[in-house]
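The task is simple: from the sequences and hints, build the whole structure.
Protein chains in written order, with my numbering: chain A, 1 to 224; chain B, 225 to 562.
If you're looking for bench data, these hints aren't it; they were derived computationally from the structure.
You may find that some hints are simply not true.
[As the list claims (entries may be wrong)] In silico negatives: residues of chain B with every beta carbon more than 12 angstroms from chain A:
(1) 264
(2) 303
(3) 311
(4) 324
(5) 371
(6) 398
(7) 400
(8) 411
(9) 437
(10) 473
(11) 497
(12) 502
(13) 504
(14) 505
(15) 539
[Stated by the list, open to error] One-sided and incomplete, this derived list gives chain B residues near chain A with beta-carbon spacing under 7 angstroms:
(16) 254
(17) 265
(18) 268
(19) 269
(20) 272
(21) 273
(22) 284
(23) 287
(24) 335
(25) 339
(26) 450
(27) 452
(28) 521
Positions of the beta carbon are idealized from the N, C-alpha and C atoms, including for glycine.
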Amino acid sequence: MGGTTFVSDSFAVVMLATAAYCLARLVAARRWKRPMHNDINVGHVAMGIAMAGMLDLSLRTLPAVVWEAVFAALTAWFAIRIGTFVSRNGLWGWDDDHMHHVSHFATHLVMGGAMLFMFLAQPAPAGAAGLGSVMGGMSAATAGGGGAALAYLFVFVLLVSAVWHADGLSRFGPVALSVPVSGSGTISVMGDTCPERRWLAPRLEAGSHIAMCVTMGYMLILLR
Amino acid sequence: MSDATVSGLTGTWTENRVGATTRPASTTTWRLPDARRCLQLALAATWLLDGVLQMQPYMFSRAFGRLMLASTASGNPSVVAHSIAWAGREIGAHADAANALFCIIQIAIGLGIAGRPTLRAALGFSIVWSLSVWWFGEGLGALLTGTASPLMGAPGAVVLYALLAVLLWPSERHRSETFVAARVVGARAARVVWMILWVGLGLLGLQAANRAPDALSEMITRMASGEPRWLAVLDARMAGELMGRGLGVSILLAVIMTLVGVGIFAPSRWAKSATVICAGFLAIAIWVVGEAFGGIFSGSGTDPNSGPLLVLIALAYWPLSQSLSARDQAQAASAEGD
Chain A
1 MGGTTFVSDS FAVVMLATAA YCLARLVAAR RWKRPMHNDI NVGHVAMGIA
51 MAGMLDLSLR TLPAVVWEAV FAALTAWFAI RIGTFVSRNG LWGWDDDHMH
101 HVSHFATHLV MGGAMLFMFL AQPAPAGAAG LGSVMGGMSA ATAGGGGAAL
151 AYLFVFVLLV SAVWHADGLS RFGPVALSVP VSGSGTISVM GDTCPERRWL
201 APRLEAGSHI AMCVTMGYML ILLR
Chain B
225 MSDATVSGLT GTWTENRVGA TTRPASTTTW RLPDARRCLQ LALAATWLLD
275 GVLQMQPYMF SRAFGRLMLA STASGNPSVV AHSIAWAGRE IGAHADAANA
325 LFCIIQIAIG LGIAGRPTLR AALGFSIVWS LSVWWFGEGL GALLTGTASP
375 LMGAPGAVVL YALLAVLLWP SERHRSETFV AARVVGARAA RVVWMILWVG
425 LGLLGLQAAN RAPDALSEMI TRMASGEPRW LAVLDARMAG ELMGRGLGVS
475 ILLAVIMTLV GVGIFAPSRW AKSATVICAG FLAIAIWVVG EAFGGIFSGS
525 GTDPNSGPLL VLIALAYWPL SQSLSARDQA QAASAEGD
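Here it is, written out as structure tokens:
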């Protein structure tokens, strides 16, 4: 197995796993009544399945035109979310959950746009399976134009978002608290001090986002 | 064993024994990134980009090791050249496995720097990795060949990663300093590093191979190969402008770089800021015109080259305002207190 095929197949597996996990989150959040951004997770499911299909043609599920419609709608939805967020909380404000800033939705707007961009740049497959044929065609489709620069602009936003999420992972960890107790000094207990604790598995959500950003960055770079 | 319980989600602690207090004595909480952390995150994003660029099909071919890497041996002393040639052959012979390992390492370094618990380990490992790649992958930045040019990425982009890892190391030994790079090694040492870097770049530009009349023009023309049309046109124009003017432009660049190098010692904050801004613009100009964005549009670029790293280094020398510096210091002191 060639290195490129191995990498593409590995990413395809990661994307399918991520999509399955985000689908499970949607079910679990509903069942356990835990707060979560449903639209973000629906977006992750769609992106995961679509990217797996682009990475390995044998995993294709829907025609490209359907995916284009899905991601156009998703992009428009996140644009609306940004507008609503800014009108309610201002440009620098926080969401009601005290966890998310407007950049959270802006990042997903870029992700939706990047997916749309990849599908629009992709030529009709000639029947061959695998990333090489699809991405090779995509390279030709974007060669010489501003497509490469736009692809790298997407990559920049995605990688910055990935490291930002990785930096924030420790927000959600339990911490040791020294609680003074009268007559007996202090006691140490594990707990957390942030209100976002009830958010459903925030570290895994961030991990899914990081995986999605890195995979999309990889695909966009092959697209150039 | 305590019977203390957590009462809620906002950090309010209760103790159900009579007479127990309810206020936490100390807590460790997540803080928004300060100036140094933002630079660390930018470094992490660059490592992540390197890892993703490393996954391009060319890097999985034998040519990556046997042609691209082995070509950096040329002109180096024999002991260096032999080691590079050997590494190139071995990497070429095991192209898939070797490159997959390189991808994983670079992505792991990027995510490691981005994660707070793994920051020190990732920065430390990045220094070792960078120096290895500088030797075996960049031929020591061609410093020993007499052909290293600041316009082409001298002294080797990857050694700048190591320098940044040192300058951004999470130490508060010199907490009161007003620029990020000084907090590890002190202001004087940090300024000396800056001067060596920029004056050194200026001197490299004056080497015979760079000051020949058409040297700069030919370098830029070579970079245009394989680039998108808009970038190739830009490079061709610049190459045309520089044709026959190698000596004059080399001297001009050397003078500017030397001024940038010594400008960091200026007494006023205004002059230091101007120096850092000048360095930033110079780095961007080098990146766009000389390095063609590190060749990342060509399919064979393994990193964005030295331009963005020089910008990051410049930002680490930006004189912070007193209030910002005090806020960062308070955060750091609070973190240490925890």
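Evaluated hints:
For residue 264(B), the condition that its CB be more than 12 angstroms from all CB atoms of chain A is violated, with the nearest at approximately 8 angstroms. No beta-carbon of chain A is positioned within 12 angstroms of the beta-carbon of residue 303(B); the least distance is around 31 angstroms. Remark: the non-interface label on residue 311(B) is consistent with the geometry, its nearest Cβ contact in chain A lying 18 angstroms away (cut-off 12 angstroms). A beta-carbon of chain A comes within 12 angstroms of the beta-carbon of residue 324(B); the shortest separation is about 6 angstroms.
The claim that residue 371(B) lies off the interface holds: its Cβ sits roughly 29 angstroms from the closest Cβ of chain A, which is beyond the 12 angstroms cut-off. For residue 398(B), the non-interface assignment is confirmed: its Cβ lies about 24 angstroms from the closest Cβ of chain A, beyond the 12 angstroms cut-off. The non-interface label for residue 400(B) is consistent with chain A: the shortest C-beta to C-beta separation is roughly 25 angstroms, beyond 12 angstroms. The non-interface label for residue 411(B) is consistent with chain A: the shortest C-beta to C-beta separation is roughly 27 angstroms, beyond 12 angstroms.
Listed as a non-interface residue, residue 437(B) keeps its Cβ farther than 12 angstroms from every Cβ of chain A; the least gap is roughly 32 angstroms. Annotated as non-interface, residue 473(B) keeps its C-beta farther than 12 angstroms from every C-beta of chain A; the closest such distance is 27 angstroms. No beta-carbon of chain A comes within 12 angstroms of the beta-carbon of residue 497(B); the shortest separation is about 25 angstroms. Remark: the non-interface label on residue 502(B) is consistent with the geometry, its nearest Cβ contact in chain A lying 24 angstroms away (cut-off 12 angstroms).
Against the 12 angstroms criterion, residue 504(B) stays outside the reach of chain A, whose nearest CB is about 17 angstroms from its own CB. Listed as a non-interface residue, residue 505(B) keeps its Cβ farther than 12 angstroms from every Cβ of chain A; the least gap is roughly 20 angstroms. At roughly 15 angstroms, the least C-beta separation between residue 539(B) and chain A is larger than 12 angstroms, which holds for a residue marked as non-interface. Hint status for residue 254(B): holds, given a least beta-carbon distance of 4 angstroms to chain A, under 7 angstroms.
Because the smallest distance between the Cβ of residue 265(B) and any Cβ of chain A comes to about 5 angstroms, under 7 angstroms, the interface hint for this residue holds. Among the interface hints, the one on residue 268(B) holds; its C-beta lies about 4 angstroms from the nearest C-beta in chain A, closer than the 7 angstroms criterion. Proximity of residue 269(B) to chain A holds as hinted, the smallest CB-CB distance being about 5 angstroms (cut-off 7 angstroms). Taken as an interface hint, residue 272(B) checks out: its beta carbon lies about 5 angstroms from the nearest beta carbon of chain A, inside 7 angstroms.
Nearest Cβ of chain A to the Cβ of residue 273(B): about 6 angstroms, under the 7 angstroms cut. The hint holds. Taking 7 angstroms as the C-beta cut-off, the interface hint given for residue 284(B) holds, the closest approach to chain A being about 3 angstroms. The criterion of a C-beta within 7 angstroms of any C-beta in chain A is not met by residue 287(B), whose closest approach is roughly 13 angstroms, and the hint is violated. With a cut of 7 angstroms, the hint placing residue 335(B) at the interface with chain A holds, because the nearest CB-to-CB distance is about 5 angstroms.
Annotation: interface hint on residue 339(B) holds; nearest CB of chain A at approximately 5 angstroms, less than 7 angstroms. Taking 7 angstroms as the C-beta contact cut-off toward chain A, the hint placing residue 450(B) at the interface is violated, the least distance being around 10 angstroms. Residue-level restraint check for residue 452(B) holds (minimum Cβ-Cβ distance to chain A is 5 angstroms; threshold 7 angstroms). Interface restraint check for residue 521(B): the shortest CB-CB distance to chain A comes to about 5 angstroms, inside 7 angstroms, so the restraint holds.
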